[in-house]
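Respectively, the protein sequence lines represent chains R and W. So the first sequence is numbered by my numbering: it starts at 1 and just counts up by one. So the second sequence is numbered by my numbering: it starts at 1001 and just counts up by one.
Each statement offered as a hint is correct.
Heads up, incomplete: computed chain R residues facing chain W, CB under 8 Å, no partners named:
#, residue
1, GLY11
2, LEU102
3, CYS124
4, HIS128
5, GLU147
6, ARG194
With beta-carbon atoms standing in for the labels, derived distance ranges:
#, chain 1, residue 1, chain 2, residue 2, range
7, R, SER84, W, THR1015, 36 to 46 Å
8, W, THR1027, R, GLU74, 47 to 57 Å
9, W, LYS1076, R, PRO208, 23 to 33 Å
These are calculated hints, taken from the structure and not from any lab test. Values in this document were obtained by computation on a predicted structure and should not be read as measured data. Ideal Cβ positions, reconstructed from N, Cα and C, are used throughout, including at glycine.
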Amino acid sequence: MSPIVAVIGVGGLGCPAALALAEAGVALRLIDEDSVERSNLHRQVLFTDADVGRRKVEAARDAIAKIAPGARVETRAEHLVPESAEELLRGVSAIVEGSDNLPTKFLTADVAAGLRVPVVHGACVAWHGTVLPVSWGDGACYRCVFEELPDEEMTNCAIAGVYGPVTSVIGALMAADALRLLRGDRSTAGNLARYDGWRQTFRSTRFPRRQGCPLCGER
Amino acid sequence: MAITVRVPTQLRTLTAGKEEVSGTGSTVGEIIDHLEGAHPGIKDRLLDAKGIRRFVNLYLNEDDVRFLDGLNTPVKDTDTLTIVPAIAGG
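Pulled out of the complex, with its shape left as it was, chain R reads as follows (with noise of 0.2 Å):
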């Protein structure tokens, strides 16, 4: 049986990460209610034309199909959310998360570590791209990082825009982070990747795990 990886979020960053892990031969859980919009196209490599008004996660699923036959996809046409997270991303052997909204970032880290699995969190905005794969008990977890949630509104893509080459590297990265996590490699675990696509510049910095966060302490 081959591992299955949840991928939350089928945009800029899930299109690039699930197509690398599909061919590698890693079986997807595609989740995302959304679909397709037009101005999604210069980012989403996944998608086409012809796919705007689709679900995401069924227009990527045929997307795969075409460019590594024989691959595993099931689709998920819903956001996540408490009541169902846990459900959703039951039997998976890791997450790879590229939503669009700082709650789900952080439902997916506090589900993720209920249930031990590992996931990698990734992010991009204008020119900037982050990524942090978490594996539990080794380095830092989302909630070491970014500890909670901001009670102020925050600039997303939606409103700074986002460029199309950054969102590749970052599902790239997050891709290779999640196949290192699936052969057991734990070495870039509690690493914040910081990359600049204007200056091009890569950096990326080791955190510990924090002593009293809510997901990493006595359990």
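Given the coordinates of chain R, work out where chain W should sit on it, guided by the hints.
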């Protein structure tokens, strides 16, 4: 002394769109105080009553200041302070 401060997209409305600004002071805390004078409102986005806001990370060059001496971390002219808040988008 003056150091370079890299401002994330989220906060550039406070710096007239500038990605980099100059900050003066001998510690990270003093740099932020100076930034507030030049770019009112930025301090509140970085700090709360307990110190650095929980969803914000401040890097002095390559190091997160929470692993140095926090707001008391000394700075020198060649340093760069980078603000990294939690972001979402993709």
